[in-house]
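Listed below, chain by chain, are the residues.
There are 2 protein chains.
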Amino acid sequence: MSSWIDGRPADALSVKDRGLAYGDGLFETIAVRSGWPSLFERHLQRLELGCQRLGMAFDREQVVDESSRFAGQLGEGVMKLILTRGDGQRGYAPPADAQPCRILQGSPTPTYPPAHAEDGVRLFACRTRLAQQPLLAGLKHLNRLEQVLARGEWQDGEHAEGLMCDTDDRVIEAVYSNLFLVREGRLLTADLSRCGVAGVMRAELLDQADKLGVVTDIRDLALSELASADEVFVCNSVYGIWPVIGHERLSWPVGPLTRKLQGIARALLDI
Amino acid sequence: MSSWIDGRPADALSVKDRGLAYGDGLFETIAVRSGWPSLFERHLQRLELGCQRLGMAFDREQVVDESSRFAGQLGEGVMKLILTRGDGQRGYAPPADAQPCRILQGSPTPTYPPAHAEDGVRLFACRTRLAQQPLLAGLKHLNRLEQVLARGEWQDGEHAEGLMCDTDDRVIEAVYSNLFLVREGRLLTADLSRCGVAGVMRAELLDQADKLGVVTDIRDLALSELASADEVFVCNSVYGIWPVIGHERLSWPVGPLTRKLQGIARALLDI
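Line by line, the protein sequences are chains A and B.
Every number in this note's numbering is 2 more than the matching position in the first sequence, counting from 1.
Every number in this note's numbering is 2 more than the matching position in the second sequence, counting from 1.
Because the hints were derived from the structure by calculation, they are not lab data.
A short list of chain A residues far from chain B (calculated; beta carbon distances all over 12 Å):
| # | residue |
| --- | --- |
| 1 | 47 |
| 2 | 66 |
| 3 | 75 |
| 4 | 78 |
| 5 | 194 |
| 6 | 252 |
Straight-line Cα separation of at most 20 Å, EDC-like style, residue types lysine to aspartate or glutamate; simulated pairs:
| # | chain 1 | residue 1 | chain 2 | residue 2 |
| --- | --- | --- | --- | --- |
| 7 | B | 213 | B | 186 |
| 8 | B | 18 | A | 89 |
| 9 | A | 18 | B | 89 |
| 10 | A | 18 | B | 13 |
| 11 | B | 142 | B | 50 |
| 12 | B | 18 | A | 13 |
| 13 | A | 82 | A | 8 |
| 14 | A | 82 | B | 89 |
| 15 | B | 142 | B | 43 |
| 16 | B | 18 | A | 8 |
| 17 | B | 262 | B | 212 |
| 18 | A | 142 | A | 50 |
| 19 | A | 262 | A | 272 |
| 20 | A | 82 | A | 63 |
| 21 | B | 82 | B | 61 |
| 22 | B | 82 | A | 89 |
| 23 | B | 262 | B | 120 |
| 24 | B | 142 | B | 168 |
| 25 | A | 18 | B | 8 |
Ideal placement from N, C-alpha and C gives every residue a C-beta, glycine not left out.
For reference, chain A alone in the conformation it holds in the complex:
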């Protein structure tokens, strides 16, 4: 598939780029429909917040311009936008005059089994725990070895996603999705101030739930709370929502709030 670097077609990046050397950068994975990046403003907001936290320059206008043009050419699919701190000399010190590098990559819309969305999925119990680093928590940065290790734990087709806890056994997220519980009509999701990726779809669904008058609760979640959930689902900004119907010995029905929000996510993503 096509890729651009700094606004021009290119498929190779300088070996001196700090994105490679240190994972010194951020990325967004954006669904594109009819040439239009879905949930674009939320992706941009997260990217901008990430740049602030990493002390990287963010030229919003340039990113919007290039991404919009790239999405227009892609038409349908997934656009990955990587922003690195750019080329660097040897050494960790971020250069004061660093020129961030913008990488855009297009790929076809992933073809997940339709049953994932219709009937729900089972979660693998990942043994890989998320380390607690408040300075990086929430960001979609390029340091993703924990997710690589976690996703490498299962190969079977039985599990569509994996549940990840932090090193204190709190429930945090899934490997490439955020996790929600529904209990007594309330929508619960993990506090991500110590670890985890604050997903764009997660943020959108929290807003949508507010609009529906559903009480939302962002807080620490103990693993034991899964047992008392009425509904469980995972979400991301590419597939929308998958109901979760099983995890180890636990099982849940596909519930009404899950279906309601799934419909909204589908409409937003045009899927």
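Using the hints provided, position chain B relative to the given structure of chain A.
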């Protein structure tokens, strides 16, 4: 400076490489003298251990062959060897048939002020804490945002290095060095089973101390233990040893064991 990818001169890497996408790889920074990689066997051992832990293939013969030839051409300087998991499709799952990518980069020997080695250095007190992730601890992997943040905390020339603690305020290491304390003739350094990079020079010095009959102790170090240290030094495989003479309100003399080990490190690195 020159760079090779997979054994051939090249200065650009596929944008699909998982080293860029996820920091999915490892690196070694190796001093080269008269065309010879210093402490080469130890660098190779750490790389091999890292590959085992990340589930990456390691073709030792190929890495040795390419690195040796590259070092021969470089002559004098620093050779950075990056091993990534190679190209990948979208998604965290490590491809079963992944072909690791080998990147070699040469740069001149860094010119540190001679006073660092002679008179000693002061350490900046980094606020960035190291998260605790036993699955990745000790490895020199490509997920180095913590070091980037820590090294970005000071710009003054007064501090040559920065002291890093973990999220429980244990003393772990410096930003691009390991840290040793000497107390009552014993050599102490932090246990790195939860976080930190297990440096090649650290391993070498522990062995050398054994040979000198110096008792070595690898264990958790409380920040308060710095106050009772007789000598403190930092080390890495490029500059050898720098005595530490100050950190916040504490100060230390340049002691005899530091000088003894510094001489050994100099001889090993031919500096």
